[in-house]
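Got chain V sorted already, so can you dock chain P onto it with the hints?
Chain order of the listed sequences is V and P.
If you count by our numbering, then the first sequence holds residues 1 to 448, one letter each, in order.
If you count by our numbering, then the second sequence holds residues 1001 to 1285, one letter each, in order.
Just so you know, these hints were derived from the structure itself, not from any lab.
Be aware that a few hints might be false.
[Said to hold, decoys possible] Below, in silico cross-link-like pairs of lysine-lysine (DSS-like), each with a Cα-Cα straight-line distance of 30 Å or less:
1. V/Lys124 x V/Lys441
2. V/Lys448 x V/Lys141
3. V/Lys448 x V/Lys430
4. P/Lys1230 x V/Lys80
5. V/Lys176 x P/Lys1039
6. V/Lys391 x V/Lys181
The chain contents come next:
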Amino acid sequence: MARRMYWILLTATVVAGLLLSSCAPQTVTVTVPVEKQVTVERTVEVTVPVPTSRGVVTVLGVWGGSEFEAFAASVEPFTKETGIGMAFETSREQATVLVTRVQAGNPPDIAILPQPGLLVDLAKMGALVPLENIVDMDQLKKDYSQAWIDLGSYDGHLYGIWFKGALKSLVWYNPKAFQEKGYQVPTTWDEMIALSDRIVADGGTPWCIGLESGAASGWPGTDWIEDIMLRTAGPEVYDQWVNHEIPWTDSAVKRAWELFGQIARNEQYVWGGTTGVLSTNFGDSPRPLFDTPPGCYMHRQASFITGFFPEGVTAEDYDVFAFPSIDPQWGVPALGAGDVVVMLNDTPEARAFIQYLASPRPHEIWAARGGFISPHRGVDPNAYPDELTRKQAQILASAEVFRFDGSDLMPAAVGAGSFWTGVMDYVGGKDLDAVLQAIEKSAQDAYK
Amino acid sequence: MNGIRRILARFPLHLAVIVICLIWLTPTVGLLVSSFRHKDAVFATGWWTVFRIPMDFAQFRLDNYIQVLTAQGMGRAFLNSLTIAIPSTIIPITIAAFAGYAFAWMEFPGRQVLFVIVVGLLVVPLQMTLIPLLRLYNRVGLAGTFLGIWLAHTGYGLPFAVYLLRNFFGGLPKDLFEAAYLDGASPLTAFTRLALPLSVPSLASLGIFQFLWVWNDLLVALIYLGGTEKVAPLTLKLSAMVQSLGQDWHLLTAAAFVSMAVPMLVFFTLQRYFVRGILAGSVKG
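Isolated chain V, as found in the complex (with noise of 0.2 Å):
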């Protein structure tokens, strides 16, 4: 038996062997002649190992299209004068492709995150070069506030550089629309309210929201619920509520869900009803604003929405204001997000694209292009392309009370899972104790 065995273990090595020879150039050659003699020459011309090749540092982002194009044009004064090339890989699925990368022992050299909670997550696996030793940190303490080198900071040590900023707590209008109907900018939240009562009175709709993003549908719910959570409970209630100090279900987060509701879950109030705001794009919902006569007068959302407006839509057809305050004591913070520069080999040359995109220069030269707001404090002022964007910077970079977009730091499953699918459901109509207890469960998992 034994013997049977060795025998088919024998034959078994053998047609192994057979196999892999039968890759053996002479019978390749058999079969398809021509094609097989201009590929293997192609392997010679092309085996450069691409990265970590001297003189060029590989970096990934999620930046495409023109935002590529506004990067590598912030990056070209550093290739000229050190000669460093930028080898830049764009993929939005950024957080698999990294870990994977990462895991194999094959990282870029730097990488540009768009949640902190990735940089957390990265730094927690040791991928992370600290950098207190790269840049210099009296004059990085000058550059930027502390909440943003905080957020770039884990466990003591400074992990990331901050490089483009959004600025989330923005109501966008139309001015010309606002005119017409006499209607005046609200500074509190019941003056807001009362200007939506007013619109509706004239016929009109007061706003425009969209939480259709494909997979990631509902998170232009979230920064409302978070924006007015800053503003009803204030930004220590905010840190508890996103490291999950405080349950779901606590009433504070419950009165944030009925104000956000008491908006989007109104169909008098919202283009579309709540069949409109469920299935808006996020990227088309604006785009009312500038019909006439205007489907709806107002519009939360981040600075970059501007990105989006449609073609022929000037800087004089919009403007913006502060989402007002609510509860007078907590005044109108800023909610915010951004991109951290993080760097996951150390080589000289990513020491030195660091330290570039530490300095103000790269910010300016985007800045000077549009769609760009930096968290950096020494970007000149003069940089940006108009006063509406100077303006958000200048909250950006110096807001007393700052706070990050709090679905990007807390974990996967509840900032880009259930919190984002709560927000649907709860305007879909679905009963917000249940929608909240739905939440809570899942974040009982996730955060242990």
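Chain P alone, transformed into the frame defined by chain V:
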């Protein structure tokens, strides 16, 4: 009379085929129409609205195509895609043809077990292999090289290719091979002179499958090759045209048809092989 009756009898069948085709094609037609519309029109109204005034040619524009085709590095990306896809199609099919023939017609112990193992690999999700394989590639310096991605695609394509070809070879008449052996043919001669020429249709369909899979692949290229300008295939290049929050997605409508062009060409060149009778005239009887 007879002819009319036959047409009438077949009418329900034809109607069903046409209806299914229409349903099947609707999304693609929508995509095609959208790709010729102006950005603002795409955002403002649905593609079907063009049929209200179909003769108004002013509503069709080539802007999206021009923007996609003139994007920097597009030619390079096309070349990269071909450099990846052609060997990644030829290598696995070549290996699978040898293996399939051996599994079908050569007697050796453990044949069934080996075949079951190969077929079993069909259910292994390729995502599971990404990290270990990339780690191996880093060790031996294959990460970021075209050779590396050829081998990866070969590995991912082989189980299905072997399975398909073994079943095809197994279906050839036994008499054919017995006749060849009587005439003194070695297994290699029987393979190259008999089995291969007869299996052109299945090789061609396998070629199309594999080519399409490699051509449309984004994940494998992203992981093993990376998305830098020098090596990025068309899929990566096109996906990078959309900005981080999905701005400019309207360009993807045109991009889809640009990237579809090559597989369509491959399909129509290989298509005539399907039409040919598989075993026409091989054995009399």
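message: Between the alpha carbons of lysine 1230 of chain P and lysine 80 of chain V, is the straight-line distance 30 Å or under?
response: holds, 20 Å
field: 30 Å Cα cutoff - pair lysine 176 of chain V, lysine 1039 of chain P
entry: Holds, at about 25 Å.
30 Å Cα cutoff - pair lysine 448 of chain V, lysine 430 of chain V: At roughly 27 Å apart (the allowed maximum being 30 Å), lysine 430 of chain V and lysine 448 of chain V satisfy the hint.
Given hint lysine 441 of chain V paired with lysine 124 of chain V - CA-CA distance at most 30 Å: holds, 25 Å
task: Verify the proposed pairing of lysine 391 of chain V with lysine 181 of chain V, using a straight-line Cα cut of 30 Å.
output: With a Cα-Cα distance of about 26 Å, the restraint between lysine 391 of chain V and lysine 181 of chain V holds, given a limit of 30 Å.
- prompt: Holds or violated: are the alpha carbons of lysine 448 of chain V and lysine 141 of chain V at most 30 Å from each other?
  reply: Violated - the C-alpha atoms of lysine 141 of chain V and lysine 448 of chain V are around 33 Å apart, more than 30 Å.
When each numbered hint is compared with the structure, a violation occurs for hint 2 only.
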